[in-house]
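Participant: Chain residues, written in single-letter form:
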Amino acid sequence: MDPSEVEFLAEKEVVKIIPNFSLDKIYLIGGDLGPFNPGLPVDVPVWLALNLKQRQKCRIVPPEWMDVEKLEEIRELERKEDTFTPVPSPYYMELTKLLLNHASDNIPKADEIRTLVKDIWDTRIAKLRLSADSFISQQEAHAKLDNLTLMEINTTRSFLLDSLNCMYKLRSNLQPGSSVGKAQDH
Amino acid sequence: MSDALSDDHDASDMSGGDDGQEDVMTPSELIGKLEEAWLNEKFSPELLENKSEMVECVMEQLTHMEANLQRVRKAVTSALASKRLRSFSLMSWRKKRKSRAEGDPSFLSPEEFAFAKEYLANTETYLKAVALKHMPPNLQTVDMPKAVPEPCLDSFVFLRVREKQENILVEPETDDQREYVVDLDEVEQYSSFNCQGASFLGSDAVVSFQL
Chain A
-8 MDPSEVEFLA EKEVVKIIPN FSLDKIYLIG GDLGPFNPGL PVDVPVWLAL NLKQRQKCRI
52 VPPEWMDVEK LEEIRELERK EDTFTPVPSP YYMELTKLLL NHASDNIPKA DEIRTLVKDI
112 WDTRIAKLRL SADSFISQQE AHAKLDNLTL MEINTTRSFL LDSLNCMYKL RSNLQPGSSV
172 GKAQDH
Chain B
984 MSDALSDDHD ASDMSGGDDG QEDVMTPSEL IGKLEEAWLN EKFSPELLEN KSEMVECVME
1044 QLTHMEANLQ RVRKAVTSAL ASKRLRSFSL MSWRKKRKSR AEGDPSFLSP EEFAFAKEYL
1104 ANTETYLKAV ALKHMPPNLQ TVDMPKAVPE PCLDSFVFLR VREKQENILV EPETDDQREY
1164 VVDLDEVEQY SSFNCQGASF LGSDAVVSFQ L
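Here the protein sequences come in this chain order: A and B.
Just so you know, the numbering used here puts 93 at position 102 of the first sequence, and the rest follows in order with no gaps.
Just so you know, the numbering used here puts 1079 at position 96 of the second sequence, and the rest follows in order with no gaps.
A couple of the hints might just be wrong.
[What the hints assert, rightly or not] For lysine-lysine, the following DSS-like pairs were computed, each having C-alpha atoms within a straight-line distance of at most 27 Å: (1) B:K1116 <-> A:K135; (2) A:K3 <-> A:K88; (3) A:K135 <-> B:K1111; (4) A:K48 <-> A:K71; (5) B:K1025 <-> A:K3.
[To be verified] Label pairs and their in silico Cβ distance ranges: (6) B:E1043 <-> A:V5: 23 to 31 Å; (7) A:N138 <-> B:H1117: 54 to 62 Å; (8) B:Y1102 <-> A:P77: 45 to 53 Å.
The set of hints was computed from the structure by calculation and includes no laboratory data.
Note that this is a predicted model, so its numbers are computed, not measured.
Ideal Cβ placement from N, Cα and C applies to all residues, glycine included.
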């Protein structure tokens, strides 16, 4: 899966903005939005928030979890635990990147937040590598991985699944004449 | 560039998914289902059930919206992008799924089936012209259904369960492992199940490949 597709899914998440224009309620195919009044916060999907921000029509309010202390706590917890800890948002990486790129003036201590999120990401990816390694070496048939986000899974998806498939075929191909074909790439 | 949101607009009221289907859905539910179907189709190793009704519904909603809401381009763009992605990924999957002997040809829509047949005929012609006619006479036919690779139903996938599933059988790979049974709880995420019961895994009510 392409990272841009993951980002596309992440852009459906809801974020608070403070518009500087007014508009009645609008009826979009994905749901209703608004009404918009200057100075009053309103919830909108991220794609709309970014668009409005770029046209200087709103100010973005950072999500609750995008705060230095909270992220520090999460990072410490992540480093302590062997398993994956619950994340503040299933799209924390994408949202951080999008919001910090387009609205860093609305987010206090943007650089620190960026560093903290990157640390959390690095720790989790390292855990993912370890668990993938043990999954393969112990030849397990299934694994439970709660609390992993789509973006993290995506980094390892094609490699992990392809190599598992390959190994499965090698192991099970003891009978000649099996006609199991290789699934085509998508 | 015209300013989509600062003009006065005449938004038409979305009257929901009231288009003759038995279960009425709101447009946002419909979009949600479309997205799910897209992801499932994308990640599943074999062809899944056709969702042509849903696609038609969405197309209808989109054209309806386009007609009435020329100015709210964002919403339409977002939904259009999602539909395009889905159509693209579906088409690319289905092109690989033609003429399977054990076929789920019932899963192809009429247009897709026609496309599949044409593709098959073209492939045969191509093979004949390029290679087969130069071969000794007794090798000049090719058994098309056998030549098409089947999707590997034993491939690994990521999946998430929507309803609690009990007693899923996981078969062993090596001799010293035994079959074991697993309960899947709601909302937990799993990696890498052997996709043995692909039809079970693909059924709507149960499981989503959404990872």
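Participant: Are Y1102 (chain B) and P77 (chain A) spaced within 45 to 53 Å by their CB atoms?
Facilitator: holds (47 Å)
Participant: Please test the hint of 54 to 62 Å on the beta carbon pair from N138 (chain A) and H1117 (chain B).
Facilitator: Once the Cβ atoms are compared, 59 Å apart, the range 54 to 62 Å for H1117 (chain B) and N138 (chain A) holds.
Participant: Regarding the pair K135 (chain A) and K1111 (chain B), is the alpha-carbon distance no greater than 27 Å?
Facilitator: violated (49 Å)
Participant: For a C-alpha distance cap of 27 Å, please report whether K1025 (chain B) and K3 (chain A) respect it.
Facilitator: holds (19 Å)
Participant: Are the Cα positions of K1116 (chain B) and K135 (chain A) separated by 27 Å at most?
Facilitator: violated (53 Å)
Participant: Are K3 (chain A) and K88 (chain A) close enough, with their CA atoms no more than 27 Å apart?
Facilitator: It holds: about 15 Å lies between the C-alpha atoms, which stays within 27 Å.
Participant: Starting from K48 (chain A), check that the Cα of K71 (chain A) is at most 27 Å away, please.
Facilitator: Distance of about 42 Å is beyond 27 Å: violated.
Participant: Given the range 23 to 31 Å, decide if the beta-carbon distance of E1043 (chain B) to V5 (chain A) lies inside it.
Facilitator: At roughly 27 Å between Cβ atoms, V5 (chain A) and E1043 (chain B) fall inside 23 to 31 Å, so the hint holds.
When the structure is compared with the earlier hints, violations turn up for hints 1, 3 and 4 and for no others.
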